[in-house]
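Listed in order, the protein sequences are those of chains A and B. Under this note's numbering, the first residue of the first sequence carries the number 1, and numbering increases by one thereafter. Under this note's numbering, the first residue of the second sequence carries the number 1, and numbering increases by one thereafter.
A couple of the hints might just be wrong.
Covered stretches of chain A (chain B as the covering partner; in silico rule of three or more C-beta atoms under 8 Å from a C-beta of chain B) [said to hold, decoys possible]:
(1) 59-65
(2) 70-76
(3) 81-92
Just so you know, these hints were derived from the structure itself, not from any lab. Remember, predicted model here, so these are calculated numbers, not experimental data. Cβ coordinates follow ideal geometry from the N, Cα and C atoms, glycine included.
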Amino acid sequence: MALRFLELKSADVELMEAELRTLCARSGAESVVLLDLSGVVLASHRIPEKMDGLLFGALLSGNFAATEELARRLGVLDFRVMYHEGRRQNLYFDKVTEETVLVVLFKDSNALGRVKLFSEKALPELARMVGEITRRPETTPDLPQARSAAEYLARLAQSIQPGDGLDQV
Amino acid sequence: MEATIDIRTADGNVNILLDEIQVGKIRGALVDLCLSTMAVFAMLIDAAGRVVATGGETKEYEVEALAALSAADLATSRQLASLLGEPEFSLLFQHEKQKNLFMTAIESDAILIVVFDVDTTFGTLRLRIRRSISQLQDILQQAKRSTVIALSETADVTRGDISVEMAEEELSAAALPAPAVQAPAAQAPAVQAPAAADARAAVPGSGGPKRAVPEPGATAAAEAVVTAPSAPPTPSAPPTPSAPPTPSAPQVIPLPPVEPLARPLPAAPTPAVGGALPPELAAEIRKALVWFGNFKGWGILFSDEVSYLKRAVERARPDQVDTVRVVFLRTRARLTEQKRLLEARFRILQSLYQQFVGALQTAMKGAWKEEIVDRAMRAAFTAMGSANNIIGAGVAKKDGSWTMDFALIGRQLVGVCHQKEWTYQAGMMEMVRQMNSGLTALSAFVVENPKLREDLTKSWARIYRHYAEGLKTMDLEPEVLDLFRPLVRSGQMPN
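For reference, chain A alone in the conformation it holds in the complex (with noise of 0.2 Å):
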């Protein structure tokens, strides 16, 4: 499967994370992430200060394809849910699209019933937005012509447009 990166704007994270905040306070969760299937973060709600993220969301993909690998071995063709029981906090991974996941990290077992309940009723709308992202025309955009590299960087600077997420960086 042909992995393509997803072309963000500020407004689609927001309303990811809008989401993904109402789903946390639902299932009483930690914290939720939403991933790309190579690792990449789109969009999270409380993931710990202390927790590099971007490890964080590698590791998860990462085990998250493994598993999948498993269960093709197994026969199980659209792998889907997948649960993580440790002592104190626990993970539960559902594929929202082909190339995204989301995870939700709780505490409390027994909420597991719940985090699921909540995870797939927030399912559609994220695979929605996802969907809609992706469909969206890849934009390239129109680099300056220049003959000096302080000339292209002036130029650069002038053609980035507030509230299309580069302003931000």
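Put chain B on the given structure of chain A with help from the hints.
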């Protein structure tokens, strides 16, 4: 030494050495787990991704590939766990309609994997698995201790200034597993005889239902009454029914092979073909092998032992005779034990189901014409249509009423197992499954009150569950019947 299995850490270093007794115990625990949870199969692997032991129906799967993938998966889970400050994660993935997998680390380097389908609920699995985990942990810890002893002894051997000849002597002495473990076979075969005789005497379908008992184990024994496992113990059998198997530490010698010697070795590894075993032992083993060939259900269950014995008959060295004898006797003892267990289970199921079917039939007779009753019975049991219909053969109308002939069912069970290459345990499971689906269909037909129907269905399910716990069903019988009797007595069954 080929039966010795090692458990490796993720970097490939040997951590625990298991002898064949310990591997057998592990396999037993896995099989028990499968039986009690109705899981498809369970396996124990090491952190390096190699299979240590499996239990259940693994035929359809590439267990090696699964093991390697699972080990890799658990390694990433561990990283994730350490990032979150957790000691360990256990993994479950779910797919409601197909296969589910549960994976948990038992020791730091041993991983238990259970694959289950719709028949098992995760709650049940979680409950039962604790017992299996503690069993497996015990075995592994015992093995760990004996490994430490063995390794320290090896270290003594290799550290000292010993000539090559002496090292060789040590090695060949250690290659003989300590013959401490013979005992349990001694009185085994005697127990089989009455059951076999019983099975012979019983006339299928005649008289009371309790009389016609021959069940797969007994039927098997009846047909094989002359062959090995029920033959008298070999005269050479060690007479002392001694202590429980001690972890025979010195037999595990993880030395590198001593191949690169300049001069040829003495006469050690090239044996006289087939001549090493005493003739009477070889004859016994051959008989047993023929028997295992005839009763594939057991042959599959004891496949490792059978292949070992086969090899032993062909090319055992004189110094391996004791080992072969011990393996043979232990196999026979285990077989007898398994047979008795299976027979007991079959008997319990027989009495339970006969009463259920009888009662349902009585209830139906009061309400409908005979023709309708016939049709219902046929639909529920006989016309199940699949190639592995076990109970259909035994449910038939005789003298105006439907009976379940368990002699025929037992025979059919053996036949189906033979054809499908199932173990008899798996065949019994299938039988119970068919019986329950038949009874559920029948009770849906008879009982219109949904609450009563639900109660009945639950009681079938309970047999199903408790069957797996084997003899415990015996205690449950009155309880299940209590549920049923008031329904019949109150006359409210056919609404």
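Each hint, compared with the structure:
Against chain B, the stretch 59-65 of chain A contributes 4 residues with a C-beta closer than 8 Å to a partner C-beta. That satisfies the three-residue criterion, and the hint holds. A count of 6 residues in the stretch 70-76 of chain A with a Cβ less than 8 Å from any Cβ of chain B is obtained; the coverage claim is therefore met, three being the minimum. With 10 residues bearing a CB less than 8 Å from a CB of chain B, the stretch 81-92 of chain A meets the requirement of three and the coverage assertion stands.
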